[in-house]
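Going down the list, the protein sequences come from chains A and B. Read in order, the letters of the first sequence are residues 516 to 964 in the numbering used here. Read in order, the letters of the second sequence are residues 7 to 470 in the numbering used here.
There could be a bad hint or two in this list.
Residues from chain A that keep clear of chain B, each with C-beta distances beyond 12 Å, as calculated [what the hints assert, rightly or not]: (1) THR547; (2) SER605; (3) VAL651; (4) ALA700; (5) TYR705; (6) LYS742; (7) ASN878; (8) SER962.
Rough simulated footprint, nothing fancy, chain A against chain B, three-plus residues with beta-carbon under 8 Å [unchecked claim]: (9) 58-68; (10) 83-97.
Rough simulated footprint, nothing fancy, chain B against chain A, three-plus residues with beta-carbon under 8 Å [stated by the list, open to error]: (11) 561-571; (12) 577-585; (13) 625-638.
Hint data in this document are derived by calculation from the structure and do not stem from the laboratory. All values reported here derive from a predicted model rather than from experimental measurement. Every residue gets a Cβ at the ideal spot worked out from N, C-alpha and C, and that includes glycine.
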Amino acid sequence: MSHELQELLDAVVAQATAGEGVEAYGLDQTETTVRAFDGEVESLSSARTRGVGIRVLRDHRMGYAYTADLTEAALAAALQAARENADAASPDDANGLPDAASVQDLPGLAADGFAEFAVEDKVRLAITMEQAVRAVGGDVRGVDSAVYSDGDTTAAIASTNGVRAAFQRTDAFVYTEVLAERDGATTAAYGLDVARHPADLDVKAAAAEGVQRATRLLGATKPESQKLLVVLDPFATASLLGVLAGALSAEAAQKGRSLFADKVGEQVGSAQVTLVDDGRLMAGLAASPWDGEGVPTGRTELINAGVLQGFLHNTYTGRRGGTASTGNASRAGFMSPPGLAPTNLFLQPGALDEAALLARAGNAFYCQQIMGVHSGANPISGDISVGVAGLMIRDGQLAEPVREATIGGSLTGMLQGVLEVGSELRFLPFGGGMGGALVLVDGFQLSGT
Amino acid sequence: MTAFTLDDGDVRAVLEAALATGGEFAEIYAEDRRARNMRLDDGRVEDVVSGVDRGAGIRVVAGRRTTYAYTNVLTRDALIDAARTAAAGLPGAAGAEVQDLTERQPPVRHLPRLDPAAADRAALVDIVRRAEDAARSVDAAVRQVTVMYADVRQSVFLANSEGHRSHEERVRTRLVANAVAARGDNIQTGYEGPGASQGHELFDAHPPEQVGRLAAERAVLMLDARPAPSGEFTVVLAPGSGGVLFHEACGHGMEADIVAKNASVYAGRRGDTIGTSILTGVDDATVAGHWGSFGFDDEGTPAQRTVLFENGVCTDYMSDRLRAAELGIPRSGNARRQSYAHLPIPRMTNSFILPGTDDPAEILKGVKRGVYCESLGGGQVDPASGDFVFGVAVGHWVEDGELAYPVRGANLVGDGPNVLAAIDALGTDFDVRQGICGKDGQSVPAGLGNPTVRIARITVGGTG
Chain A
516 MSHELQELLD
526 AVVAQATAGE
536 GVEAYGLDQT
546 ETTVRAFDGE
556 VESLSSARTR
566 GVGIRVLRDH
576 RMGYAYTADL
586 TEAALAAALQ
596 AARENADAAS
606 PDDANGLPDA
616 ASVQDLPGLA
626 ADGFAEFAVE
636 DKVRLAITME
646 QAVRAVGGDV
656 RGVDSAVYSD
666 GDTTAAIAST
676 NGVRAAFQRT
686 DAFVYTEVLA
696 ERDGATTAAY
706 GLDVARHPAD
716 LDVKAAAAEG
726 VQRATRLLGA
736 TKPESQKLLV
746 VLDPFATASL
756 LGVLAGALSA
766 EAAQKGRSLF
776 ADKVGEQVGS
786 AQVTLVDDGR
796 LMAGLAASPW
806 DGEGVPTGRT
816 ELINAGVLQG
826 FLHNTYTGRR
836 GGTASTGNAS
846 RAGFMSPPGL
856 APTNLFLQPG
866 ALDEAALLAR
876 AGNAFYCQQI
886 MGVHSGANPI
896 SGDISVGVAG
906 LMIRDGQLAE
916 PVREATIGGS
926 LTGMLQGVLE
936 VGSELRFLPF
946 GGGMGGALVL
956 VDGFQLSGT
Chain B
7 MTAFTLDDGD
17 VRAVLEAALA
27 TGGEFAEIYA
37 EDRRARNMRL
47 DDGRVEDVVS
57 GVDRGAGIRV
67 VAGRRTTYAY
77 TNVLTRDALI
87 DAARTAAAGL
97 PGAAGAEVQD
107 LTERQPPVRH
117 LPRLDPAAAD
127 RAALVDIVRR
137 AEDAARSVDA
147 AVRQVTVMYA
157 DVRQSVFLAN
167 SEGHRSHEER
177 VRTRLVANAV
187 AARGDNIQTG
197 YEGPGASQGH
207 ELFDAHPPEQ
217 VGRLAAERAV
227 LMLDARPAPS
237 GEFTVVLAPG
247 SGGVLFHEAC
257 GHGMEADIVA
267 KNASVYAGRR
277 GDTIGTSILT
287 GVDDATVAGH
297 WGSFGFDDEG
307 TPAQRTVLFE
317 NGVCTDYMSD
327 RLRAAELGIP
337 RSGNARRQSY
347 AHLPIPRMTN
357 SFILPGTDDP
367 AEILKGVKRG
377 VYCESLGGGQ
387 VDPASGDFVF
397 GVAVGHWVED
407 GELAYPVRGA
417 NLVGDGPNVL
427 AAIDALGTDF
437 DVRQGICGKD
447 GQSVPAGLGN
457 PTVRIARITV
467 GGTG
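So here's chain A without its partners, still in its complex pose (with noise of 0.2 Å):
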């Protein structure tokens, strides 16, 4: 597959002329999703699709030009196309294709025997997953989802500055959202788990975790307004690092719409904050060899010891800031010229495991749930006041659940008040790969409503 799709891009870049710079990049990907519901399948969708997306570079100028359809007539009509973007387009210094560098390959990104994985075995992982949270009874209603979804991608790059790689990549996950009642009042939570291979899926686990989360909010009130000390967990930890990977975009520093502008080197987080972007994190879900330039991908480190170091760049960006790429060019596909985000971003783990950070905390408001992040927490203020839901820790323990309560600080605040991260890492599938982990929190504002 990556074979066949490398050769149509170097039929792409061999048609290039003199003085020109041509990329062509490649996607590749068949995706499966199911989903169950009272013990059957409510929808099943399966797809393949493949195309190629060219970038021209000619006088400063960037053009870009997309075809799903790979016949070398179509190729070579969006290359024309592609080249005359790029005249119709303002010229740009820092416009400029990526020299080659030698890319180091993951082995294991894309597990053996993935293609062979019946979808009928898919759905069965589906509606083993909703049956399971159905069987418990009680207080579970059921579920709102129940989803298998998977995805085997190769993407392959080629261009003029001697830039030629290929990846595949498979991934697997499974979600399911438990909702559970009593008195009329209903919780809903999520349990996943997430893989290369579907068979290495864990959907009992994953339906476990979702009636655990959601039941263990039944019987919530609201709480009293007070200032203390914050458990994020996983799941809320994972969110919060998405609203954090805006203001770490060199674009969004550029374009003056980072807090972290002009602080490099200056002390944004406690000791305790060490944060870092890594690419070849097999764990990460968003690991890839190289990103949507062909630049090999790396770890960066943008916060050390709760010293600002950097921002993430794109070769764009890099070139504007005088500075390099850090290999987080995206894609949104093949349809979508490069842009500029995060792969694997998480917290260097700390020292305490579970129970022992809970220890740590004594008193406090164990995080589960965070609602409205995108309208809540403002990348470019960096205020935050979102919805949450969770548990009080009394002497070190969860105790009773809490609802309609807001948490209010600001993410300067946040890192700043970071007083311990958990030793357990784990990568959740929303917003690129956000690396999960409890983190213990100081200056937060608790406000019932």
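Since the structure of chain A is already known, use the hints to place chain B on it.
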């Protein structure tokens, strides 16, 4: 260009493979979509993107179960593979028979007069530059101008096991300008974004200069705006501006999937008088060249005009194949999908409040104290209750029938059924706007339209 199509023999083989395991209905939706986009930001033409996307989705329905497989490889083998994949979700014996295909003719065609493909990139650069220049020349306070041009040609092929086959070309063109005006710390934005199921004849009615100028004028006007007062007032919606409110607060609740789930305030209310007797509201995919128009919906049902409210009475819901069967109502031709990668669901096309008999000038004169809305911004609606909140993007305070001064920070707060009942005047004028409607993760173009509308009383949430 020859029409985008699939061979009848291939289609039959694919539909038979799709029905091999017990499906009652199978369908192929295939499309070829050619799009061009250009973005001008801060004086520079930045993103110039064009391309071709194509693919096909095969749907199989058995009872309430739906399976779907899509691919953008359009060979016979790849399509049969996709059909088998879809069928595999419905294990059982052979299902319905595939009927012989007969071409359906659309009730209306929306052909562009000036094909956008005839305009080269230099012509497109000229269009965005003209809009930008006009915006910048409005006032020294104009700080930033962004202009986006887009055209798309979507060729749709549909065939199903009931023997229906259709072809359609859909061309759309749009130009959007955003302007930022600033005076000290006071920063305001303005917007204008006409679009149509047309080619470049769009610019006869909406010259690029006018698009840029209107966006800039709105931003500059709002620099002088005062905080809006709060309370219950009479509100007048300018032609075009109220369509989004009708769409969100009244239209969505008339979509058959929401009705079928009993999640709509209009469920079970057909035949009930809900609105004022002068109100008639329709959804109409047949209006020539409008933003949400088409010849066939996305499961091949011919475009129709559906009356949602007639003289205030709740009349017909908007349906697709599945929900029409579930509710026992006719198919209204409202099945739409974002692309071949999506299942069809009931959606609005062009939703309009129809003009009335009142003189627009007299409508305003009759307002003692209130708000005149030139354009509404974003809103939130709960379809179960019809409750909504809409921001007034450009508004004026009205005193004794005259526009007194521009206002900002105003919200209209209410619910769909009560607003429909509170309309006490409808103008003889009419205008449209264009939106992109999102539902269940799918975005489609939606036309909006209304005459001058007077709402006798509605809550205005202001900051003054």
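#### Entry: Coverage of the stretch 58-68 of chain B by chain A (three or more Cβ within 8 Å)
Since 4 is at least three, the answer is holds.
#### Entry: Claimed clearance of chain B by LYS742(A), with the beta carbon kept past 12 Å
Answer for LYS742(A): holds, closest chain B Cβ roughly 29 Å.
### Task
Would you check chain B against the stretch 577-585 of chain A, counting CB to CB pairs closer than 8 Å, and say if three or more residues qualify?
Holds, because 7 residues of the stretch 577-585 of chain A bring their Cβ atoms closer than 8 Å to Cβ atoms of chain B.
### Query
Regarding the assertion that THR547(A) does not contact chain B, is the least Cβ-Cβ distance greater than 12 Å?
Contrary to the label, THR547(A) does not stay out of reach of chain B, its closest Cβ about 8 Å off (not over 12 Å).
### Query
Has the stretch 83-97 of chain B got at least three residues whose CB is nearer than 8 Å to a CB belonging to chain A?
Our answer is that it holds, as 9 residues pass the Cβ test (under 8 Å) against chain A, meeting three.
#### Entry: Cβ contact check, 8 Å cutoff: the stretch 625-638 of chain A against chain B, three residues minimum
Check passed, 3 qualifying residues.
### Task
Check the non-interface label on TYR705(A): least C-beta distance to chain B beyond 12 Å or not.
holds (17 Å)
### Query
In terms of Cβ atoms, is chain B entirely out of 12 Å range of SER962(A)?
The claim holds: SER962(A) sits with its nearest Cβ about 22 Å from chain B, beyond 12 Å.
### Task
Check whether three or more residues of the stretch 561-571 of chain A sit with their beta carbon closer than 8 Å to a beta carbon of chain B.
holds (count 7)
### Message
Over 12 Å from every CB of chain B: does VAL651(A) meet that, or does the non-interface label fail?
### Response
At about 25 Å from chain B, VAL651(A) clears the 12 Å cut-off, so the statement holds.
### Query
Would you say ASN878(A) is clear of chain B, with no C-beta pair closer than or equal to 12 Å?
holds (37 Å)
### Task
Examine each Cβ of chain B, and state whether all of them lie more than 12 Å from the Cβ of ALA700(A).
At about 18 Å from chain B, ALA700(A) clears the 12 Å cut-off, so the statement holds.
Checked against the numbered hints listed earlier, the structure breaks hints 1, 2; every other hint is satisfied.
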